[in-house]
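Chains as they are written, first to last, in this note's numbering: chain A, 1 to 496; chain B, 497 to 597.
No wet-lab data here; the hints were simulated from the structure. A portion of the hints provided could be inaccurate.
Residues of chain B clear of chain A, computed beta-carbon distances all greater than 12 Å [stated by the list, open to error]:
#	residue
1	510
2	530
3	550
Below, simulated EDC-like cross-link-like pairs (lysine to aspartate or glutamate); rule was C-alpha separation at most 16 Å, straight line [unchecked claim]:
#	chain 1	residue 1	chain 2	residue 2
4	A	310	A	266
5	A	183	A	142
6	A	93	B	582
7	A	150	A	176
8	B	530	B	512
9	A	93	A	40
10	B	554	B	539
11	B	554	A	28
12	A	456	A	313
13	A	269	A	325
14	B	564	A	50
15	B	554	A	30
16	A	277	A	325
17	B	564	B	512
18	B	564	A	423
All C-beta atoms in this analysis are idealised placements derived from N, C-alpha and C, irrespective of residue type, glycine included.
As a plain string of letters, each chain reads:
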Amino acid sequence: MKFAARQTFVGNTDYRLLPLRFRRLPWDQDRVLITSMSGDWLIAQRNDFERAVSGQLDSGESLFADMESRFLITADPGRSTLAPLLSQYRTRKDYLAEGPKLHIFVVSLRCHHTCAYCQVSRQAVGQTTFDMTESTARHAVDRLFDWPAKTLTIEFQGGEPLLRFDRVQQLTELIERRNHTEKRALRFVIASTLHDLTDEQLSFMREHGFELSTSLDGPEWLHNLNRPRPERDSYRRTLEGIERGRRVLGDGAVSALTTLTRRSLEVPKEIIDEYRKLGFHSISLRPLSPYGFARKTNARHGYTMGEFLKFYETALDHLLQINREGYFLEETYTRMLLSLLLTPFSHGYVDLRSPTGAGLGAVVYDYDGRVYPSDEARMLAAMGDHSFALGRVDESIETWMSSPGMQRVLDAGVAEALPTCADCAYVPLCGADPIDHYARQGDSIGHRPTSDFCRKQMGLFDALLRRWEQGSSLDREILEGWALRATRREGVLEAA
Amino acid sequence: MSTIEVRLDAGVFSADIVTKAAHRYTGAYFVEIKSGTADFIVELTPKHVELDTSQVAKQLRNDALDEKLRAVIRSETQDIHAVLVEAALHQALPSKSGQGR
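Required output: the full structure, derived from the provided sequences and hints.
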């Protein structure tokens, strides 16, 4: 049997470019990362890429096939279809389809901690005027079911929500009663210090399938330093809460995250080792935010994004080492970024969406009946800036969506249309965060060359891409394992 | 602090490309662009004394080349980009409108 010549099977060798972006690799300026509009990507020599852009690529070259398979070019339009690219793009933007899924209920601003980095502007334990009223709670539940999402995550926050647990119970029961007819999939999360957690509270949480999200900043000395109570026993109380929560709700129902102060940056390995010691399989390393008390104490506790990225690189290497030793421990934000890099799927994290997740992916019902598109917008309002307030719980969601606050969000809410972002190779995997830019730079569009958000995202994507490209096969396997795990669960990255 | 001057050939680079490339340096430098007869002159003045400026002229020239490449890509793909996004998101509408009261 004689095969026809290879050229017989090659169609029209002309090709045209499809929408794409590129970036020189910081660790190798002769190569570029090239991304498609849906976020598929490859790495190539820059001079080969330049030939591709100028129409000089030969159909026999491997780069031709690679670029075609990733929808960076299309050859022979008569025999090609772009339907898979449309499908990929729609899949990546799947979070747009049903509106907000994350609904945050702030039942009280009161808290017994005096954390210097508190983003929430908490109130003293006796200040009950900062609790959500029954009327506000009932209106908020009505609004919750006005949204079309088939899956609703209800997160109770504070302050310390356990200080108004009766309101948490009432809201939960109202929501479940209403859901008898609505038939949505419900997920309840409580973001709490877990201090003073009672058996009755735990029993209620077990009955309603709650997940617990708490804060653990690292070893005892660091946690007590960052999260002071008058009794100086914050660490002990947190550990007791975690243990009791695990006993009643199961190990998987209790997660923790770390807020990083300047002191934290000195001890990345100690923080991670503490989580391993306590049997956690995930850790969230969260830099400080420019809100609430954190802004006031920034000079004492703050640091530059460059210092955070240096910390992150050390932390990531240590996490990889722990995983190589056979203990599974992932970083949640890294898991999410890897899922964007290494899988075609959408994600549940509202801060990294384009169009923005503020108001389109999440809604916050504050204790006083005001409504915000994100927790950060609520924090700004607590600081006296109501630029992003949507309205009140007794108004319709259509009123919220057409409010000046939502208009401000939407005006700067599409990353692909923002200056500099529009040309960034990472933009198909990144998000617009207009409220963060407003808080840091006084402008919701922001200035990318001085944007901490941009520097952080680029720094993290670069660090992960480099490790994935240059790491051992075991390292790749570990990182891919985190990415695939991210497609099966959506972390709620908030805690008290 | 001393100002670094980078000349870019106006026959190769358009004002738009030079501006886009120079904008990337506005975080660390005060930037001024002057238009000469044959060149654009980009003046970069460091905002901080400790800034390492040894490679900045080479980096800016590379960035200008990259911006030129981006302009070619944009010109060839912007129409199809708009069509594809519209087609892809056409079905991404809420399945049920809110019933606010």
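Taking the hints in turn, this is what the structure says about them:
1. 510: holds, 15 Å
2. 530: Non-interface label stands for residue 530 of chain B: nearest chain A Cβ at 20 Å, farther than 12 Å.
3. 550: holds, 15 Å
4. A:310 with A:266: holds, 10 Å
5. A:183 with A:142: holds, 15 Å
6. A:93 with B:582: This hinted pair holds, its Cα atoms lying about 12 Å apart.
7. A:150 with A:176: Satisfied, since the Cα-Cα distance of roughly 14 Å is no more than 16 Å.
8. B:530 with B:512: Holds, because 13 Å separates the two Cα atoms, which is no more than 16 Å.
9. A:93 with A:40: holds, 14 Å
10. B:554 with B:539: Since the Cα atoms of residue 554 of chain B and residue 539 of chain B sit roughly 14 Å apart, the hinted pair holds (cutoff 16 Å).
11. B:554 with A:28: Answer holds: residue 554 of chain B to residue 28 of chain A is near 15 Å, not above 16 Å.
12. A:456 with A:313: Given that 16 Å is the threshold and the Cα spacing comes to 12 Å, the pair holds.
13. A:269 with A:325: OK: residue 269 of chain A and residue 325 of chain A at ~15 Å, within 16 Å.
14. B:564 with A:50: holds, 11 Å
15. B:554 with A:30: holds, 14 Å
16. A:277 with A:325: The hint holds at about 14 Å.
17. B:564 with B:512: holds, 9 Å
18. B:564 with A:423: holds, 12 Å
Comparing the model with each numbered hint stated earlier shows that all of them hold.
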